[in-house]
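Top to bottom, those sequences are chains A and B. Residue 732 in this note's numbering sits at position 732 of the first sequence, with consecutive numbering throughout. Every position in the second sequence, counted from 1, becomes a number in this note's numbering once 10000 is added.
Calculated from the structure, these hints are not laboratory results. Don't take every hint at face value.
In silico DSBU-like links for lysine-lysine, alpha-carbon gap of 35 Å or less [unchecked claim]: (1) A:K22 with B:K10058; (2) B:K10067 with A:K995; (3) A:K932 with A:K1028; (4) B:K10067 with A:K3; (5) A:K371 with A:K196; (6) A:K932 with B:K10113; (7) B:K10067 with A:K773; (8) A:K995 with A:K923; (9) A:K25 with B:K10104; (10) A:K268 with A:K196; (11) A:K438 with B:K10113; (12) A:K983 with B:K10128; (13) A:K506 with A:K196.
Note that this is a predicted model, so its numbers are computed, not measured.
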Amino acid sequence: MPKQQQSIRDFSGGIADGVNTKDLKENQLVECKNFIADGIGRLSTVPGTREASAVGVVSELPEGNAKNIHGWTADLAFEYTGQESGNNIEAPTITEVQVAKRASIDFWHSTSYLMALNPFVKSLVIHNIDRDHPVLTWLVEANSYKNTYDNLDLNPPSAYDQSWAKGRSVKALEVLANQHTINPVYPENAIPWKWKTVSSSNKVSHAPSEMTNATQENNDGLTDSAVGANLNGNRFVVEKVSDNATWGSNSTTHPVWKMTLEFDYWGKINYSIEGTWGIPRENGIYYGYRPNTSNPSIVATHGVSHRSIDLNSSNPTTSNFNSRNGATFIVNNGIHEHTDVYGAYSKFSLNMVNISYYKTHKYTLNIQVYKDVEQTTFDTINLEYRNDLGEQVDDVFQGLLGGGENRIIHSGYSQDQAIYWERHDGGVYLFQNSDTEKPYGIKQVTIARTQEVNASSSLSDGERYQHLVAIANKSAQASVYSMETDNWLPWSIDLREDTSVTTDNKGISFFDVEGYLTASCMAFKTNNIPQWFGYLDINKTYCLATMTPSTDFFSTKFSPTPYKQIVTTGLTANQNSTNDSASAVITNSHQAVDWFSAEAVWSGVTGWISGAANSFKNLDDDDNNKIRVLRHSKSYIGSESFGLRVFCQFFDDQNAGTNGTVAGVPMIGTFKKDNPVHFYYSYIYEGGYVSQPIRISCGVGATANQEGFPSSFAPKSDSVSMGINVVIGKQLIGGDGNNNILNLRLKGVEIWAKYTKSDPSNLYLITEIDLNKGYRSNLDRNWKSLSNYYFGSSSVQSGYSTGDFTASSSDKYKTDYLIFSEPNLIESFRNRYGLDYQDNIGFDQGGTGWKTACVFNRKAFYGNIRIVGKDGKIEYKPDAILKSAPSMYGTVGISTMIEATINDGDEIVSLQVVGNKLMQFKKYSLTIMGIKQLENGETSEIIEQVIHHSGVLSESQICKTPYGLFWVSRSGIYIYNGQSITKLSETKNGNLMSKKDWETFYGERTMCGYDAYWNHVIIPRTNLNNNKTFIYSFNTGAFTTTTEQINGLKTSGFIQTRTGHVMYAQEIAEAGSSITKSQSNTSDHSAGATNSTINQNNTQ
Amino acid sequence: MPNNIILKASSPSLSSLTEAVFITKEYDGGDASLKKSYSRVNVTYSMEGSGVSPLQIKYRIEGSSWKYLVPDPVNRYSVLKSSRPKFLRTHNHLKTAVFKFPEKEVGRSISLKLELSTIGQESADFEKFILSDITFTFRIINRK
């Protein structure tokens, strides 16, 4: 039968441990550890890992199996001066990593050189492995060298005699050298070489000038026409070396003869030495030659000095090489392994770890590259690049060096001397290599960074974002890292209310939306309360304080409660015996109310001009439309000093003013005296949180800091309109008037009304104030500017108002009010937020929080929650999901709870979104929910499918891929593409991994993470001392294993870098170079440090 | 002293390994009923660096015990190091290593095992390995 061949190029089937080896498909493997098939004909080793952050943070990861890492992007106008203190954006530098070395091979011959013994024809071939052709071929025939110098015998009769040596041996070596010189055999791609000639200063073996008589000349054969005159053009290649230290103690009488084969090549050449001349060691390893011994097995040993090379143990004179009988040694740079190289390519390192986030520079790279083998002339490559904002250091490298296949293409030099570049952690290498046709070396490289432009103050909206990473630490804290700046931010997240408590927590659940991060303690410890972290511009249009800094990272409670300052001085009208007296006014109180018996008494009230008209009138100055200013008895009560004031004015008084102005005309409406109105206010916070409405109260409590009396307002008579004027003062956003903002997230206020008789269970929106946009109400829904607040004074007061009450006129106009002719029932609190106004909103107490969260259909969903229930007590709901109002991601309450599957002995582990499906993972089941559009335009989640035995034990066991949601479960490995679930670990032929192996592999700490760069998912067995990782390649749909990934100490779950590489946090044992948060809050972070401190302390 | 936390990521480069095993299925030349006499194995691969790599190669016939192949003396990329058949590093160039069988091997199927192995001071560097293909040369003996 003829010979046949079977070729296997496809290893893409990966392992299939669960399939009988005889039933494997052609492309499947029995075992594949640390190899990965990512395509047909390409099986390679698994990817390596690298450190992605220049420095670490001194802390530890929480115990347990939580993911504890979260990546997100945040829009921010960012001047992060701290980046420069990290020493990772310093000016680039150049380091010469490897000086070019010319490739050559040295031949050393002992004085007792004797080449030709049986067999009589010896051959030596040096083969270039890289270019696959012979470099040199020597043949020596013993029979043709019988006399004098013919047999290459350098062994003198007794002691060394130079003339003897010249005549008998040196000449022979020169003749041998000419075997190549005269008859070179070069293929086209061969690298030229020649014998290196020696100079007189190097003790020329037998230069013509040394020939003192004819005998010597004759002995040297220089005039012997038989072998050709002018050998090597009278430039000789054999050098006498007398070096006791290197070759032997008697080198004077027994010198060593050296020949150097020199390539026209400044770089590594891999070659093999073959032929019968010498000792064919293992597969041609060839170090030396000693023909006259029966045991040619002793070879040079790596690292052993030359003189100890034992090539002939029978030599009677000495054991040193120089006296060896017939020793030849072929060596390259003293490293005694035939495939080691003599010669090295030029290699420089352009060192640049990172670039500034907010500065641009012009980078100028100058490379001088030799263009001749003697390194006397060179070409110059000038490369320039100016980076744009938002670019990374890799963009600078690409911009400077560019080119396909990492080769520098430039008109300034020949591609025969092509220079390549390769990324390393600290920058790029610039080098020549074996792909360079004629590498003669790189002479010099310089880099300059000039023309700096600091754009920190002019960043546009499109440039305001960064990729951030949050890492959970022990003791319910988290550190934040910026990928752009390669620095840990000096602002941390601390969930603790009592920061002296340092107990461990079981992880932090992160969740981000619209650039803001939220964090919750997964152990629901009482001392921990969910936090919000984000970058803010806190300077507002309607803000009386100048904030310093105006933009920064801030960390506050996720669900803040409005600040309340109880007024403790003065008496309410109710408490004062003279109800109508001006003295019944509480200084710096909060609100004004219209009470049924009010009169126009403004004297003594802050901002009031005594004696001014006490009527309101229309802008047309029509006296008939004037109304009476009503007495604000039981007034000026509030929860914030100079914060929020709500003036309620029923237009019901027809009496003339006390100062003689005309009688007012009631405005017709539907407000009635038996339907009192209660007012509430709520604060709106950045990130989508509204506080629980608080009823505006009247008066102070009986004791200091006690709530006042709830307010209730009604007209004096039926069928009138209601006017509302709202004033916001410094206290609302400015605290004590300085820079201490009560809550930096505050973005506005909503005023609500409850009509106690007609609809006592709902609140209805009266007006909303945005600190940037102004105010609006359902009267016309248009945003209007807030007015400066005069309130009759000639100077601007500390506040903004929905009506100006200008100083230009002492009259008060009813146009300064939002006038409602009937109770405004357009939008209730429940309509807007889906919540009962009496619910606690969000996670506003220690011990509340969630274990998983996601955003779906512009609503946040929180799973496995602990929240304040209807009865005011904290309830734990492991099966429950809270759904937020649209775009109000923190606005959830017990009345928005969904329970898809309950009382099943299980708990929600993760909520994920795939397309238009919400997936609820429990430990032992998966519930897929879809969206149902309701008739009222709202949406509702409906259960489409409950799949048992496909749950996960932690959120780390799920990752998102372009092919769908990927997760690992005790029953196998799955992917869901939005329509169907596929079990990847199982085929028709059986499981791709044995059930037994998977049972021992899968556990609480098993994780998975998608690597977009390599297009595979890694599945480590554990996050602590991991020793096995499965890799699933999407290119091939196959599994392999590795022991090289995620080893060592504790790790987090996985996210991705900006370039798609899988990324994770890992503890390292040594402290090493690192920063601490306290350190980073000093030096360049002075501004940030101040605010960081403020943020930590002002968590309202 | 508390630990440090650092961020790590996968590298664009392939890993430098100290442990790796690759076992093929049992190839039967298309007909498991035929007995074959195996004579040669060609492995086309590339690897960074130069010198003898720690990658060695074994084979087994019909699931029997693993045996070492023997480097072909005329091939430059299959070498014997510490009595084990190893691959020569190729400086990232795709090369073919040729191995022979230490004795006459007859069987219906054959499986290969590539694994890393170093003895003593041997270099353990194993970087950027890529396996392109494996070719078995055999002659069909008979049908049994």
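Each hint, compared with the structure:
Taken as a hint, the A:K22 and B:K10058 pair is honoured in the structure, with Cα atoms around 19 Å apart against an allowance of 35 Å. A hinted pair counts as satisfied when its Cα atoms are at most 35 Å apart, and B:K10067 with A:K995 qualifies at roughly 30 Å. Between A:K932 and A:K1028, the direct Cα distance comes to roughly 43 Å. Violation of the 35 Å bound is thereby established for this hinted pair. Taken as a hint, the B:K10067 and A:K3 pair is honoured in the structure, with Cα atoms around 23 Å apart against an allowance of 35 Å.
For the hint linking A:K371 to A:K196, the alpha-carbon distance of about 20 Å falls within 35 Å, and the restraint holds. Under the criterion of a C-alpha separation no larger than 35 Å, the hint pairing A:K932 with B:K10113 is inconsistent with the structure, at around 56 Å. A distance of roughly 81 Å separates the Cα atoms of B:K10067 and A:K773; the hinted pair therefore is violated under the 35 Å criterion. For the suggested pair A:K995 and A:K923, the alpha carbons sit about 19 Å apart, so the restraint of at most 35 Å is met.
At most 35 Å may separate the alpha-carbon atoms for a hinted pair to count; A:K25 and B:K10104 meet this at roughly 27 Å. For a cut-off of 35 Å, the pair hint linking A:K268 to A:K196 stands: about 18 Å separates their Cα positions. Pair hint A:K438 plus B:K10113 does not hold up; C-alpha atoms about 39 Å apart against a cutoff of 35 Å. At most 35 Å may separate the alpha-carbon atoms for a hinted pair to count; A:K983 and B:K10128 meet this at roughly 32 Å.
A hinted pair counts as satisfied when its Cα atoms are at most 35 Å apart, and A:K506 with A:K196 does not qualify at roughly 71 Å.
Checked against the numbered hints given earlier, the structure breaks hints 3, 6, 7, 11, 13 and satisfies all the rest.
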